[in-house]
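Novice: Position chain B against the provided structure of chain A, taking the given hints into account.
Same order as they appear, the protein sequences are chains A and B. Quick note on numbering: the first sequence equals residues 580 to 711 in our numbering. Quick note on numbering: the second sequence equals residues 49 to 162 in our numbering.
Just so you know, these hints were derived from the structure itself, not from any lab. The structure displayed is predicted, hence computed values, not measured ones. Backbone N, C-alpha and C fix where the C-beta goes; we use that ideal spot for every residue, glycine too. A hint or two may mislead.
Unchecked claim - What follows is a set of in silico ranges between Cβ atoms, one per label pair, in the way DEER data are often shown:
hint	chain 1	residue 1	chain 2	residue 2	range
1	A	MET707	B	ILE127	40 to 48 angstroms
2	A	TRP688	B	TRP153	39 to 47 angstroms
3	A	GLY654	B	LEU70	15 to 23 angstroms
4	B	ILE161	A	ILE642	17 to 25 angstroms
5	A	ALA682	B	LEU160	48 to 56 angstroms
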Amino acid sequence: MSDQSASTPLSPHLQIWRWTVTLFCSITHRATGMAMYAGTILLTIWLAAAATGEAAFNTVQGIYTSPFGLIVLFGYTWALFFHLLNGIRHFVWDAGYGFSIPASRGSAWAVVGGSLALTVAVWSAVFMLGGN
Amino acid sequence: MAKHGTTHFIAQRITALALVPLAIWFVFALLSHGGDNRAELMEWIAGHPWSVAIPLALLILIGFYHMRIGMEVIIDDYIHKPDLRGWLHFLNTFVALVAGAIALWSIIAITLIA
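So here's chain A without its partners, still in its complex pose (with noise of 0.2 angstroms):
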């Protein structure tokens, strides 16, 4: 970093500061969407299979529908709640509310909470439809 020239400005790094939900949240919104960066390439390659042929296609599903595969998928739902959710809230920020202390730290709780139980809701649908 020697060669950094001296406007680049860096942020104080993560272990410095005291754990909030509203840091927690901060952090998580860049990680899941890192997280579905990759989850939409299985998603690319899921139908790029479909694409390809019956043998490519059922090796897809089959790896998808192992256990690791489920719970790599479980994560990418859980990811995804939590993405849309809390990018919700940035909306609600950028329409200029929600900025007080009480507000920020309850629609962190809410987002955290609410994508648990969104993605429950959904796997739980899943197994009763019986699908895979």
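Specialist: Just chain B now, with coordinates in the frame of chain A:
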């Protein structure tokens, strides 16, 4: 995208807004079609161009665009070596473009084959 902050901010929000209904639709669609065999999946996509194939293509293309600009911000924030930063920006754009193109090609192929 450094020095294009306002354009970036607006593009991020417009794509985010479009992705809200598309993502919700897709999660619920997968409840019925996530476990499809190939014939069922292809019939579902090809048989419903307006209500499945096009929303699916929009979801993936807008999604990759949104992810590319999101990842650009992350690279700018955390990668301080100019060479590595430039390389990762290229890789980010390359992956998003190639994956988006493969997904679009797949949806078109499925629609034509089925």
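Novice: Would you mind marking each hint as holding or not holding in the structure?
Specialist: Verification of the supplied hints:
1. A:MET707 / B:ILE127: 40 to 48 angstroms: Once the Cβ atoms are compared, 45 angstroms apart, the range 40 to 48 angstroms for ILE127 (chain B) and MET707 (chain A) holds.
2. A:TRP688 / B:TRP153: 39 to 47 angstroms: holds, 43 angstroms
3. A:GLY654 / B:LEU70: 15 to 23 angstroms: Given a distance of about 20 angstroms, which is inside 15 to 23 angstroms, the answer is holds.
4. B:ILE161 / A:ILE642: 17 to 25 angstroms: About 22 angstroms separates the Cβ atoms of ILE161 (chain B) and ILE642 (chain A), which means 17 to 25 angstroms holds.
5. A:ALA682 / B:LEU160: 48 to 56 angstroms: holds, 51 angstroms
Against the hints set out earlier in the document, no violation occurs for any number.
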